[in-house]
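Engineer: Protein chains in written order, with our numbering: chain L, 1 to 103; chain B, 1 to 428.
Be aware that one or more of the hints could be misleading.
Below, simulated SDA-like cross-link-like pairs (lysine to any residue); rule was C-alpha separation at most 25 Å, straight line [claimed, not checked]:
1) L:Lys26 / B:Ile41
2) B:Lys246 / B:Lys409
3) L:Lys19 / B:Val111
4) L:Lys30 / L:Ala99
5) B:Lys409 / B:Leu341
6) B:Lys124 / B:Val111
7) L:Lys44 / B:Lys26
8) L:Lys63 / B:Lys302
9) B:Lys26 / L:Tyr64
10) B:Lys246 / L:Asn82
11) L:Lys19 / B:Pro371
12) L:Lys21 / B:Leu220
13) B:Lys305 / L:Pro80
14) B:Lys309 / L:Gly10
15) B:Lys246 / B:Ile41
16) B:Lys409 / L:Asn82
17) B:Lys300 / L:Lys63
18) L:Lys91 / B:Pro371
19) L:Lys22 / B:Ile312
Here are a few chain B residues that sit away from chain L, every Cβ distance over 10 Å (derived from the structure) [claimed, not checked]:
20) Glu21
21) Ala55
22) Leu67
23) Tyr94
24) Ile155
25) Ile207
Bear in mind the hints are in silico, worked out from the structure with no lab data behind them.
Treat the numbers as computed from the prediction; the structure is a model and nothing was measured.
From the three backbone atoms N, C-alpha and C, an ideal C-beta is built for every residue, glycine too.
This is what each chain is made of:
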Amino acid sequence: MRILLICGAGMSTSLLVEKMKKEGEKRGIKDLYINAEAADNLEKVIDNYDVILLGPQIRYKEKYVSELAKEKNKVYRVIPPNVYGMIDGAKTLDLAIEALKNK
Amino acid sequence: MDTFINFLDRYFMPVAGRLAEQRHLKAIRDGIVATMPLLLIGSFFLIIAFPPIPALDALVKPYVGDLLKIVNATFGIIAMVASFSIAYSLAGSYRLDALAAGILSLSAFMVAIPLTQEGNIPLKWMGSQGLFVAIIIAIFTVEVQRKFVEKNLIIRMPEGVPPSVARSFAALIPGFVILLVVWFINLILIKKLDLSIPEFINKVVAIPLMHIGASLPAFLIAVFAVQLLWSVGIHGSAVVYDGIMKPIWLALAEQNAAAKMAGAAILPNIITAQFFEIFVQSTGSGVTLPLVLLSIFVAKSKQVKAVGKAAIMPGIFNINEPVTFGMPIVMNPIMIIPFILAPLVVSVITYFAMSLNFVARPYAIVPWTIPMPLSGFFATGDWKAGVLQIVNIIVAGAIYYPFFKLWDKKKLEEEKQLEGKKDEVLES
Chain L
1 MRILLICGAG
11 MSTSLLVEKM
21 KKEGEKRGIK
31 DLYINAEAAD
41 NLEKVIDNYD
51 VILLGPQIRY
61 KEKYVSELAK
71 EKNKVYRVIP
81 PNVYGMIDGA
91 KTLDLAIEAL
101 KNK
Chain B
1 MDTFINFLDR
11 YFMPVAGRLA
21 EQRHLKAIRD
31 GIVATMPLLL
41 IGSFFLIIAF
51 PPIPALDALV
61 KPYVGDLLKI
71 VNATFGIIAM
81 VASFSIAYSL
91 AGSYRLDALA
101 AGILSLSAFM
111 VAIPLTQEGN
121 IPLKWMGSQG
131 LFVAIIIAIF
141 TVEVQRKFVE
151 KNLIIRMPEG
161 VPPSVARSFA
171 ALIPGFVILL
181 VVWFINLILI
191 KKLDLSIPEF
201 INKVVAIPLM
211 HIGASLPAFL
221 IAVFAVQLLW
231 SVGIHGSAVV
241 YDGIMKPIWL
251 ALAEQNAAAK
261 MAGAAILPNI
271 ITAQFFEIFV
281 QSTGSGVTLP
291 LVLLSIFVAK
301 SKQVKAVGKA
311 AIMPGIFNIN
321 EPVTFGMPIV
331 MNPIMIIPFI
341 LAPLVVSVIT
351 YFAMSLNFVA
361 RPYAIVPWTI
371 PMPLSGFFAT
381 GDWKAGVLQI
391 VNIIVAGAIY
401 YPFFKLWDKK
411 KLEEEKQLEG
421 KKDEVLES
């Protein structure tokens, strides 16, 4: 499973990436690849991922992301603000898994 | 208050979002971001050339000229680089040949620049003074290129011709037209107004914009807009600063760097890119570090304490999403008030500390993730700037305190009620 998190500069989401990786190890999920990027790089890197998760602070880009995701046959979700604020790796990982299931 | 937040969410957010996503503004932003490594490296050598410690200053004095060579080749050429990178980004967004656009735009930029009397290219327009020229030329170049491609007015090579060869031919006709038009406009402007294109753009666009951008009221409006956007959970500084104000404030910053290189004791501009990034956005939009510290050391609510602990490390490095979304400040009528007020007050304090010359003005660009009070020291070469940052944090803390108390109390009551309910369940 390849997950991409995007926010303004890829800084604050990178905090969440670390938490998600730890959670993934704890659950024993294999082939888990998680990364954070600046939203402006999305087009360049989207092909490498299965799921795109948007930080809530750039949800004004949701339309753009949804169109790009549709074009590339990827799924995306906006991370809920409270999950984002608590840097909750478990819930964010659940969100990615749920998104993939409902693809 | 709820209706106010609804209003922001429904009307303000989409408009701001569209603005941030506007193609040309986005290309300008991306193109300028591409020059950041140069600005940071140039700033590093600028700091070395004028070290903030007098003993060191005497030591490097004989080498200042050599050190400034690097500053000139980094800081000093950002407009030239931006004329390429902005056109490159904009053409990429139209899915045009980005490399060709960048090259044509750079060439058009050079056509517009008047040479010195000896026939040399003047450094003065290569740096931030030429930034607005670069922006306008880059947009012009790509828009002309786009029209030609749309109307199919390009030379197409038969299949089998290598793509790089075909590409150079495709750029030929639009390239001709772009360079000719720029050249021709330049001739007319010089003849009729005795102004070259960069001088004209400076007079009509850059100087008025920079005049407004350098004023405290305009700055406060921009900060207010940033905070308002964050209040509904939108990345305000990405929209307002990176998207709109950065070219102006960066140009003002570069004027300071140029003045520093020329040996000025007091630099011309207070409001600059660093003024915003390093002083007003210190510890994140809203100057939130004091709120985080209060949460850790004073809060009684478990939830508020937990947010504080999650937010402290990123906060030191000026990343504050954990507190804006965790507390939350976003959509929270109680916390929005100090969140907007604190950076406005900090702006005013910093402005007057610098305008009265208690604290030196910034000239070096430092990465925004450097913690205060180091960032202030590096940006200005004045230790008092670091002290000012700490004073700002204390003032912001005083602004946050009553609202923090209110919120903490509310959260504590909620937690007690929840525990009470649990007990009831256990008893029954």
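Engineer: Against each hint, give a clear statement of whether it holds in the structure.
Structural biologist: These are the hints, each one checked on the structure:
1. L:Lys26 / B:Ile41: 41 Å, violated
2. B:Lys246 / B:Lys409: Distance ~40 Å between B:Lys246 and B:Lys409 Cα, so the pair is violated.
3. L:Lys19 / B:Val111: 53 Å, violated
4. L:Lys30 / L:Ala99: 18 Å, holds
5. B:Lys409 / B:Leu341: 21 Å, holds
6. B:Lys124 / B:Val111: 15 Å, holds
7. L:Lys44 / B:Lys26: 16 Å, holds
8. L:Lys63 / B:Lys302: 37 Å, violated
9. B:Lys26 / L:Tyr64: 13 Å, holds
10. B:Lys246 / L:Asn82: Not satisfied, since the Cα-Cα distance of roughly 30 Å exceeds 25 Å.
11. L:Lys19 / B:Pro371: 23 Å, holds
12. L:Lys21 / B:Leu220: The hint is violated at about 41 Å.
13. B:Lys305 / L:Pro80: 20 Å, holds
14. B:Lys309 / L:Gly10: 21 Å, holds
15. B:Lys246 / B:Ile41: 19 Å, holds
16. B:Lys409 / L:Asn82: 19 Å, holds
17. B:Lys300 / L:Lys63: 41 Å, violated
18. L:Lys91 / B:Pro371: 30 Å, violated
19. L:Lys22 / B:Ile312: Given that 25 Å is the threshold and the Cα spacing comes to 20 Å, the pair holds.
20. Glu21: 6 Å, violated
21. Ala55: The assertion about B:Ala55 holds, with a minimum of 37 Å to chain L.
22. Leu67: 30 Å, holds
23. Tyr94: Nearest chain L Cβ is 13 Å from B:Tyr94, so the label holds.
24. Ile155: The assertion about B:Ile155 holds, with a minimum of 29 Å to chain L.
25. Ile207: At about 30 Å from chain L, B:Ile207 clears the 10 Å cut-off, so the statement holds.
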